[in-house]
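Chains D and Y, in that order, are what the protein sequence lines are.
Just add 32 to the spot in the first sequence (first one is 1) and you have the working numbering.
Just add 4 to the spot in the second sequence (first one is 1) and you have the working numbering.
Think of the hints as simulated: they come from the structure by calculation, not from any bench.
Some hints could be false.
Think about it this way: if two alpha-carbon atoms lie no more than 20 angstroms apart in a straight line, the pair counts; the simulated EDC-like pairs of lysine to aspartate or glutamate are [said to hold, decoys possible]: (1) 80(D) - 244(D); (2) 259(Y) - 51(D); (3) 95(D) - 103(Y); (4) 64(D) - 266(Y); (5) 107(Y) - 201(D); (6) 256(D) - 83(D); (7) 106(Y) - 47(D); (8) 95(D) - 179(Y).
On a predicted model such as this, the values are computed, not experimentally measured, just so you know.
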Amino acid sequence: MNVLEVHRLTKCFREFNSEWKRVASWFGFSVKPLAVSTVINDVTFQVKAGEAVGVVGQNGAGKSSLLKLITGTLQPNSGSVTVNGRIAAILELGMGFNPELTGRQNVYHAASIMGFGAADVDEVIADLEAFAEVGHYFDEPVRTYSSGMQVRVAFAVATAWRPEILIVDEALSVGDSYFQHKSFNRIREFQSQGTTLLIVSHDRASIQALCDRALLLEKGSVIKDGPPEEVMDFYNALIAEKENSTVEVKALDGGKVQTSSGTGEARIEEIALYNSKSELADYIAVGEDVELRIKVKVHKPITSLVLGYCIKDRLGQVMYGTNTWHSQQIIENPEVGSEHQFVIAFPANLGVGSYSVVTALHARESHIDANYEWRDLALVFNVVNINKMQFQGCNWMEPKITV
Amino acid sequence: MNGLLKGVYQYRHFIASSIRNELVNQFARSRLGGLWLVIHPLVMVAIYAFVLSAVLSAKFDGIDNDYAYAIYLTSGILAWTLFNDTLSRCLNLFVGNGDLLKKMRVPKVTLPLIAAGTVLANNLLLFATIILIFAFLGHPPTLVVLWMPLITGVLVLFALGLGLVIGVLNVFFRDLSQLVPIVLQFLFWFTPIVYPIVIIPDNMRHLLMFNPMYPLVSAYHDVLAYQRSPDLFSLGVIGLAGGLLLILGLWLVRKANAEMVDLL
Numbered sequence: 033m034n035v036l037e038v039h040r041l042t043k044c045f046r047e048f049n050s051e052w053k054r055v056a057s058w059f060g061f062s063v064k065p066l067a068v069s070t071v072i073n074d075v076t077f078q079v080k081a082g083e084a085v086g087v088v089g090q091n092g093a094g095k096s097s098l099l100k101l102i103t104g105t106l107q108p109n110s111g112s113v114t115v116n117g118r119i120a121a122i123l124e125l126g127m128g129f130n131p132e133l134t135g136r137q138n139v140y141h142a143a144s145i146m147g148f149g150a151a152d153v154d155e156v157i158a159d160l161e162a163f164a165e166v167g168h169y170f171d172e173p174v175r176t177y178s179s180g181m182q183v184r185v186a187f188a189v190a191t192a193w194r195p196e197i198l199i200v201d202e203a204l205s206v207g208d209s210y211f212q213h214k215s216f217n218r219i220r221e222f223q224s225q226g227t228t229l230l231i232v233s234h235d236r237a238s239i240q241a242l243c244d245r246a247l248l249l250e251k252g253s254v255i256k257d258g259p260p261e262e263v264m265d266f267y268n269a270l271i272a273e274k275e276n277s278t279v280e281v282k283a284l285d286g287g288k289v290q291t292s293s294g295t296g297e298a299r300i301e302e303i304a305l306y307n308s309k310s311e312l313a314d315y316i317a318v319g320e321d322v323e324l325r326i327k328v329k330v331h332k333p334i335t336s337l338v339l340g341y342c343i344k345d346r347l348g349q350v351m352y353g354t355n356t357w358h359s360q361q362i363i364e365n366p367e368v369g370s371e372h373q374f375v376i377a378f379p380a381n382l383g384v385g386s387y388s389v390v391t392a393l394h395a396r397e398s399h400i401d402a403n404y405e406w407r408d409l410a411l412v413f414n415v416v417n418i419n420k421m422q423f424q425g426c427n428w429m430e431p432k433i434t435v
Numbered sequence: 005m006n007g008l009l010k011g012v013y014q015y016r017h018f019i020a021s022s023i024r025n026e027l028v029n030q031f032a033r034s035r036l037g038g039l040w041l042v043i044h045p046l047v048m049v050a051i052y053a054f055v056l057s058a059v060l061s062a063k064f065d066g067i068d069n070d071y072a073y074a075i076y077l078t079s080g081i082l083a084w085t086l087f088n089d090t091l092s093r094c095l096n097l098f099v100g101n102g103d104l105l106k107k108m109r110v111p112k113v114t115l116p117l118i119a120a121g122t123v124l125a126n127n128l129l130l131f132a133t134i135i136l137i138f139a140f141l142g143h144p145p146t147l148v149v150l151w152m153p154l155i156t157g158v159l160v161l162f163a164l165g166l167g168l169v170i171g172v173l174n175v176f177f178r179d180l181s182q183l184v185p186i187v188l189q190f191l192f193w194f195t196p197i198v199y200p201i202v203i204i205p206d207n208m209r210h211l212l213m214f215n216p217m218y219p220l221v222s223a224y225h226d227v228l229a230y231q232r233s234p235d236l237f238s239l240g241v242i243g244l245a246g247g248l249l250l251i252l253g254l255w256l257v258r259k260a261n262a263e264m265v266d267l268l
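Given these sequences and hints, build the entire structure.
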C-alpha cells in the first residue's frame, strides 16, 4: 500500500510588479506575473509503507520545498499530495517552544500542534521525560536550557507517537553522539514497525545506511529514482560535473550500475586486483596481502595528476579511501600520451562480503576543483574467510583474547 | 466551510493551548503580570479624567453621579480597548506567526480564534475590574448589564472580520502595519469616547453615521454608563457588516492560502 502519493506536483513562486495584481488574480482577473520561478516541476512518485527514501540534491534543488509541500505548509500550484496517515517531521526541532514555559508545558503545547490533546500527552509523558533525559530541567523554563537539551525534548515530542511517515532533515546530526545513537535507534524502531522514512541529507553514509531507495532532485525535478548507491554515485558525479564533462552510466553484470564522469584529460586504462601469489583475483581471503594495480593514460596537457581510490562495501559505505595527494606522490606536468602505473599494496583486513573500488583522477586534494575521471564500481571483488576464526563486521581486527 | 470547521476541531487542543500560553506569558517574569492589562487602560482613563473632567463634566445629564465623566470615559475605553487589541493582533496575525506557518502545518483559521480568545479573556478581566470600580464609585451595575455579552460579541465579530481582511492583506502590503495604527488614532478621536457627542456641532454630527465604532461605543455607553438598553438596530447593522467582513476575510484566507507562506 502506498502511504504517500505525489502526483504531478508543481510549485511556482509568482512575482508581480504590484501586489495589487496578485490580489486581483484571486478575484479571477487574468494578470500576467512579472516572473514565475518553478521550484518543483511536475514531480511524481509513490512511497510504500515501511520504505525508507532518501531525498538528495544540491542546495536549491527543491528538497525543502518538496518536503514542505508534503507536510502541507506550502500549497502546490498544481498536482496533488495524498498522504495515508499522520506525518511527523523532525525538521525544525524546538520550533514553537516558548522560552518562558517549562519543558513539560512546552511538550503539551508542541503536542497540540501535532493534534494531540492533554489526555493523549498524559499517557506518554512519563516515557517522554525518560527519553529526553534532561533531569530536573524538565520542569524549568526552556530559556534555561542548552541547545542540546532543547533538541532532546523536541525530538522526544516529535517521536512520542509513531507516525506513518517520518520526515528527517539532517536532524540526525544534532545533539551529542549519545543522543544521536538513541534517536537513530528510535527511528530504526519506527521503521521496523512500518513507518515510512523520508530522509533529507547530504551525508552519503546515512542515506546509504538508512534508505532502501533514493530520489535525486535537480532544478525541481526528480532526475533519478533508484537504489541509494546508484543514486548517490550519480549525485556525486553530478557535483563534479563541469563544462565538457560527461556523466556516463553503464550497466554491469549482476544488475549494478557503473557511473563515470569527468572531463577526460586522463583516464584509467586498466584496473586489476592481484592476490598474494600475484595472480588476478576476484576472491581474496580475509587479511591477505593484495595489490591494486591501476594504469592511467594522460590524454591532454594537465599540470598535475592525483589518483584517488576508495573501497566500499555492498551498501556503499566507505571502508577506506585516500589519494596520492595525501601520500604526497603527485605527478607534476605529466606528458600527453604518457602512461603511469600505480600499485597499491595493502592487507585486505575486511570482513566477509562483496566490495567495490571507486577511482578518481583529479588535479589536487579532491575531485571538486578538476575532475578528469571519476569511476564508481571500477572493480568489484569478494572477501572470503579462509583461515581466520569466525567473526562479524566489516573489518578484520585480530583480537588476542585472554580468559 | 466544512473543511474550515474540521480544521478548527482537529486543532482545538492547539487553540486552547495557545490561548493559555499567551495568558501565562503575560504573567511570566513581571511582578504585576496580567495586571498591566488593566492598569494601562485605567491610567488612560485617569489621565483624561484629570485633564478634561473640569471642562466636560457639566455635559452629562443622563448619569446621576459625581464621577459621571469618569464612568462615561471608562465605558468607552472598555469598548475601544477590545476593538483596538483585536485589530492590532489581527494585523500581525499571519506576519507575526510567519515562522509557525512556514514550518508547521497549522490551519490558518485557528489563528484568528486564538487572537479572539486571548483578547476576550483579557477584556473580561478589565470588565470585571471596571464593574468593581463602578460599584465603588456608587454606580453599581443593574440588570441591563446582561446586554454585555451580545454587545461584546458584535464588537468582536466586527473587529475580527475587519482584522482578518487587514491581516491577510498585510502579508502582501506590509505598509498596512504602519498605516493601520495611524487610522486607529484618527478613529479613536473621531468616536465620542473622551468627549460626549453633544460637543460635536449639529451640522457635523451626521458624519458619525460613517463611523462603525460609533454604534458600538454608544451601546457600551448605554449599558454601562446610562444603564439603559442599547439601540439594537444599529448593533444589528454592525453585526451584519462584521459577518460579511468575516466571510470576505475567510474567503481571502482561502484565496491567499497558496501564496501566503511564499511571502512570509
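Practice item. Could you tell me which of the hints above the structure violates, numbers in ascending order? Key: The structure breaks only hint 8.
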